[in-house]
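2 protein chains.
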Amino acid sequence: MELKTLPVALVEELQEQLGRDKVIVEVSELEMTSRTCIPYGETPAAAVYPISAEQVQIVVRLANAFNVPIWPVSTGKNWGYGEKTACYPGGITMILERMTRIWEVNEELGYAVIEPGVTYKQLNDHLKQKHPALWSDSAGTTQFASVLGNALDKGRGLTPYANHFECLCGLDVVLPNGELLETGGGPQSNNNVRHTYKLGVGPSIEGLFAQSNLGIVVKSGIWLMPAPECFDWAAFEYTTSDEKFGAFIDDLRQLVFRGALRSHPHLANDFAMMCIVSQYPFDLLDGARCLSERAMETWRKQHGIARWTFGCGLYGSPAEVRFQKQAIKRVLGRYGRIQFVGAAIEDNWHGRLLRQVAPLVNRMLGKSDAAIEALVPAINLFRGIPTDHFVRQVYFKSHQQKPVDDIDPARDQCGLLWIGPVVPFASRHVMHALTLAKDIFARHECDFFVEIIVESPRSIILLIGVFYARNDPADAVRARAWYNESRDAFLKNGYPPYRVTTMSMPGSLDRNPVARDFLRTIKNAVDPLNLVAPGRYGISAQTHQDTASQQAAKLEQ
Amino acid sequence: MELKTLPVALVEELQEQLGRDKVIVEVSELEMTSRTCIPYGETPAAAVYPISAEQVQIVVRLANAFNVPIWPVSTGKNWGYGEKTACYPGGITMILERMTRIWEVNEELGYAVIEPGVTYKQLNDHLKQKHPALWSDSAGTTQFASVLGNALDKGRGLTPYANHFECLCGLDVVLPNGELLETGGGPQSNNNVRHTYKLGVGPSIEGLFAQSNLGIVVKSGIWLMPAPECFDWAAFEYTTSDEKFGAFIDDLRQLVFRGALRSHPHLANDFAMMCIVSQYPFDLLDGARCLSERAMETWRKQHGIARWTFGCGLYGSPAEVRFQKQAIKRVLGRYGRIQFVGAAIEDNWHGRLLRQVAPLVNRMLGKSDAAIEALVPAINLFRGIPTDHFVRQVYFKSHQQKPVDDIDPARDQCGLLWIGPVVPFASRHVMHALTLAKDIFARHECDFFVEIIVESPRSIILLIGVFYARNDPADAVRARAWYNESRDAFLKNGYPPYRVTTMSMPGSLDRNPVARDFLRTIKNAVDPLNLVAPGRYGISAQTHQDTASQQAAKLEQ
Chain A
0 MELKTLPVAL VEELQEQLGR DKVIVEVSEL EMTSRTCIPY GETPAAAVYP
50 ISAEQVQIVV RLANAFNVPI WPVSTGKNWG YGEKTACYPG GITMILERMT
100 RIWEVNEELG YAVIEPGVTY KQLNDHLKQK HPALWSDSAG TTQFASVLGN
150 ALDKGRGLTP YANHFECLCG LDVVLPNGEL LETGGGPQSN NNVRHTYKLG
200 VGPSIEGLFA QSNLGIVVKS GIWLMPAPEC FDWAAFEYTT SDEKFGAFID
250 DLRQLVFRGA LRSHPHLAND FAMMCIVSQY PFDLLDGARC LSERAMETWR
300 KQHGIARWTF GCGLYGSPAE VRFQKQAIKR VLGRYGRIQF VGAAIEDNWH
350 GRLLRQVAPL VNRMLGKSDA AIEALVPAIN LFRGIPTDHF VRQVYFKSHQ
400 QKPVDDIDPA RDQCGLLWIG PVVPFASRHV MHALTLAKDI FARHECDFFV
450 EIIVESPRSI ILLIGVFYAR NDPADAVRAR AWYNESRDAF LKNGYPPYRV
500 TTMSMPGSLD RNPVARDFLR TIKNAVDPLN LVAPGRYGIS AQTHQDTASQ
550 QAAKLEQ
Chain B
0 MELKTLPVAL VEELQEQLGR DKVIVEVSEL EMTSRTCIPY GETPAAAVYP
50 ISAEQVQIVV RLANAFNVPI WPVSTGKNWG YGEKTACYPG GITMILERMT
100 RIWEVNEELG YAVIEPGVTY KQLNDHLKQK HPALWSDSAG TTQFASVLGN
150 ALDKGRGLTP YANHFECLCG LDVVLPNGEL LETGGGPQSN NNVRHTYKLG
200 VGPSIEGLFA QSNLGIVVKS GIWLMPAPEC FDWAAFEYTT SDEKFGAFID
250 DLRQLVFRGA LRSHPHLAND FAMMCIVSQY PFDLLDGARC LSERAMETWR
300 KQHGIARWTF GCGLYGSPAE VRFQKQAIKR VLGRYGRIQF VGAAIEDNWH
350 GRLLRQVAPL VNRMLGKSDA AIEALVPAIN LFRGIPTDHF VRQVYFKSHQ
400 QKPVDDIDPA RDQCGLLWIG PVVPFASRHV MHALTLAKDI FARHECDFFV
450 EIIVESPRSI ILLIGVFYAR NDPADAVRAR AWYNESRDAF LKNGYPPYRV
500 TTMSMPGSLD RNPVARDFLR TIKNAVDPLN LVAPGRYGIS AQTHQDTASQ
550 QAAKLEQ
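As they're listed, the protein sequences go chains A and B. Read in numbering that gives the first Met the number 0, the first sequence has 315 at position 316, and its numbers run on one by one without any break. Read in numbering that gives the first Met the number 0, the second sequence has 161 at position 162, and its numbers run on one by one without any break.
Don't read these hints as lab results, they were simulated from the structure. Hints may contain errors.
Just so you know, same-sequence chains aren't split out, so a pair can sit in one copy or run between any two.
Stated by the list, open to error - List of simulated lysine to any residue pairs, SDA-like, C-alpha gap at most 20 Å:
| id | residue 1 | residue 2 |
| --- | --- | --- |
| 1 | 491 | 188 |
| 2 | 120 | 162 |
| 3 | 491 | 187 |
| 4 | 120 | 404 |
All chains should be built: construct the whole structure from the sequences, respecting the hints.
Put into structure tokens, the structure is as follows:
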């Protein structure tokens with residue numbers, strides 16, 4: 000298997016079958032396509048852009064015939080997790096961004112059926128125009144990210160439908176042998192509950208296609224939320240002493256358990272908020288590589304930012320929203336300031352008034368204008384309306400100014416690296432995980448960026464990340480060192496990540512060898528030639544495991 | 000592979016390793032153990048009762064050494080679906096009912112960790128005594144059924160936690176090679192979120208063990224509901240004309256979508272209710288094999304039973320329960336009578352008064368005492384308190400009297416057969432499915448038993464069943480004919496079953512050959528000797544097929 004260049008016959012066949020404009024082999028284009036924010040990247044031998052399930056099947060069959068691996072991505076905008084790079088050089092990268100059909104929206108039963116190229120923006124625009132009774136969720140990432148891609152990677156949103164993978168129902172999957180599989184087990188092409196009932200008949204296999212290399216998802220149903228009768232939005236700022244943070248975490252869990260908090264807020268620390276409202280204050284560094292506690296305090300006060308901040312949506316009948324407001328106010332009022340400002344997005348006198356008054360109030364509270372500008376996009380996120388307002392933060396250290404649009408941090412070589420360990424939603428665990436994280440940030444002289452993502456009443460995701468200079472090799476090494484130590488520390492402490500970056504895939508299941516080998520056995524059976532995303536999450540067909548572990552050794556250096 | 004008798008050396012080894020009392024080979028005992036309610040049954044060559052995961056591993060390793068298949072069941076009380084019978088004669092039946100440990104209850108994070116022999120009664124009793132802050136769900140079946148067994152078979156309950164499989168999180172599975180697998184992909188024996196985060200790292204494999212023969216689940220986490228601040232219960236009777244039933248279904252869906260109806264009620268037709276409150280009225284048959292419309296009406300009126308009836312639980316803060324009550328009353332009041340009588344189970348003056356007044360009111364409404372006796376157990380079911388009150392209905396035709404306790408319809412040879420097609424929760428589909436079902440019941444001269452189970456806002460399960468004379472071959476043939484025609488008709492119309500009986504397993508995935516073959520490929524890889532429940536849901540290892548050449552042939556097409 001020669002990965003780095005493709006046989007001429009294969010390229011010709013791909014061009015013939017897909018059309019010349021859908022097959023890229025030009026080196027500079029490939030380099031641009033496979034740029035990453037993580038400190039790792041490989042260039043493929045070709046990139047293909049199929050426009051239909053049939054074209055995906057053609058590519059898979061050709062890959063079989065020529066024994067060339069395929070790395071499929073949807074739009075590849077998972078910035079900070081790996082973007083479009085494979086975990087090996089060469090081969091074919093399959094980009095599904097031109098598969099943009101919305102096949103169906105079922106208003107009665109609350110779902111859409113979409114292809115992997117459908118973006119948050121496209122889905123939301125479509126619903127707003129044609130089916131305003133339904134709301135989609137959206138992620139904090141760019142509005143041009145793939146809805147399916149994010150879901151298949153177990154990405155998260157903010158509304159009550161934040162668990163994106165759990166909202167998928169009824170997948171069409173091109174298997175490594177080129178066949179098209181309909182999940183659910185019910186009658187093929189004639190299953191009325193494909194998109195309404197998740198468990199299907201017999202073993203449920205949909206989970207197998209999450210973070211997976213067992214097939215290429217080319218279409219799926221996705222559940223949508225009925226537009227609530229009533230919506231409001233709460234902004235919370237933690238203003239009390241640090242010692243109470245554990246009690247606050249436990250009280251927050253209770254609110255989620257009781258259904259008083261139905262959205263999935265991200266509790267951001269001061270640095271995470273500052274990325275949004277400011278540029279990096281190099282002047283405060285004072286010769287150090289990261290901001291001191293004192294510098295952080297100065298900077299935070301300049302912008303009127305609290306130690307911890309979150310926004311959350313309230314949904315339901317007026318009576319239910321009232322109950323949620325009361326419960327949130329009663330419980331969280333003990334820890335800080337709460338403002339209910341959902342009306343700010345309304346197109347009426349109340350909304351206009353709030354939009355005029357909010358800046359004044361916020362200025363009185365010491366907030367900068369940037370904090371106020373974030374308000375409307377933040378509220379809208381909880382209504383499923385995507386925005387590029389927040390993802391711009393990625394530029395805040397590496398560029399003089401954040402761009403207003405055309406945001407592409409991979410192209411623009413912003414360095415960015417995420418880890419998201421999952422932690423039980425109990426103060427004992429959350430405090431322990433925060434301490435672990437903080438110590439490692441300090442040891443590597445990185446600024447402490449953390450968001451506590453409310454995953455469910457039972458778990459949180461501790462989203463931690465660093466921004467670094469992508470094209471400075473020394474800084475990249477430092478980012479990697481921070482990453483490797485954090486990853487190991489969280490695993491050793493029993494907090495596995497909710498997703499991993501491409502560069503850490505090879506060993507990602509090594510601490511659970513039985514599960515890893517079980518999946519490798521399955522991979523070997525359904526993809527004996529190891530053609531679809533070999534090595535993704537450390538899973539390769541057994542025949543190729545030697546190569547995979549060589550690769551692992553190389554990647555972990 | 001000789002299934003019908005076991006090698007002496009194997010029996011001796013099993014007795015040696017498990018203890019003599021845990022290995023049954025006596026024919027009459029095996030006959031008793033494997034009795035069924037469905038018109039099908041096979042007797043195994045032995046039954047084993049392991050008491051621990053280690054003993055399950057020992058049996059699996061011996062089965063490998065001697066090449067003998069194992070049919071695992073939890074308690075085997077899935078009456079009307081197959082009980083403990085395998086879909087082939089002989090082999091070892093593994094009954095997990097003596098694995099009754101509750102390993103942990105985590106009150107903070109709302110879960111328990113249990114073994115397959117833990118029953119609804121055991122779990123509920125344990126919670127009531129030690130952790131009253133948590134409620135379990137319960138199924139309509141006997142309180143002595145296995146919590147895990149029901150969940151793994153995709154069984155359903157009644158509370159907001161009714162989707163039993165979805166509530167499992169973190170399985171321990173003995174694989175066909177005898178290894179112990181921890182799902183989740185996180186660090187083995189050191190994963191703090193095993194029971195709090197379902198998706199894990201890499202492909203999610205838990206679904207693979209539902210209705211499955213890919214492993215034997217020996218332990219699992221199960222999510223529990225926080226005891227709500229406030230509880231009430233609504234009894235609804237549909238009293239308006241049949242023409243409005245479609246509109247009623249659509250309105251009911253809206254209530255579920257809006258969160259006004261949070262439990263998962265079973266909407267029972269008149270015959271289904273009559274099974275509970277009465278004995279079969281042979282005197283009304285008038286020479287026919289099933290009751291005429293007129294006979295049904297007479298009988299229904301004797302007991303004051305409506306055409307359709309359901310009960311549902313209300314959960315939340317007082318404000319939320321108030322909202323639910325108002326919404327239910329406003330919407331369903333258009334179609335019939337609603338009574339909120341949750342207080343009847345309270346141990347205070349209000350409860351006592353209600354318990355005294357309810358019989359009088361109900362008698363005024365023309366209800367028999369039996370209908371009133373069902374009230375408290377019905378309400379309790381929605382609080383997770385299991386009961387044998389309803390499962391006694393199974394005896395209502397075959398026996399003179401329903402037993403009061405020691406209920407075991409398989410042992411007592413009650414004939415019973417269920418089908419549960421899943422149908423989109425939209426009037427068009429529900430009405431179509433009801434008509435389909437009714438015609439087939441009529442054609443086979445069976446009494447029309449149906450419950451519409453609210454599965455989710457998007458699907459219902461149409462639970463239909465017949466009671467027949469288990470030991471009358473002619474009646475068994477009739478039941479089977481009804482079953483086969485119904486099953487086919489629903490599949491042809493695109494409504495797959497939520498679970499299938501053991502007798503219909505072989506072809507159960509035949510209408511989705513790609514999914515079936517994908518699962519067979521996996522089975523072949525993880526269980527090449529075809530040892531764990533071969534044939535379950537039509538999945539067997541293809542022991543003598545060259546999958547690679549088969550794959551090649553497919554690709555050449």
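In ascending order, which of the hints set out earlier in this document are inconsistent with the structure? The structure conflicts with no hint, since it agrees with every one listed earlier.
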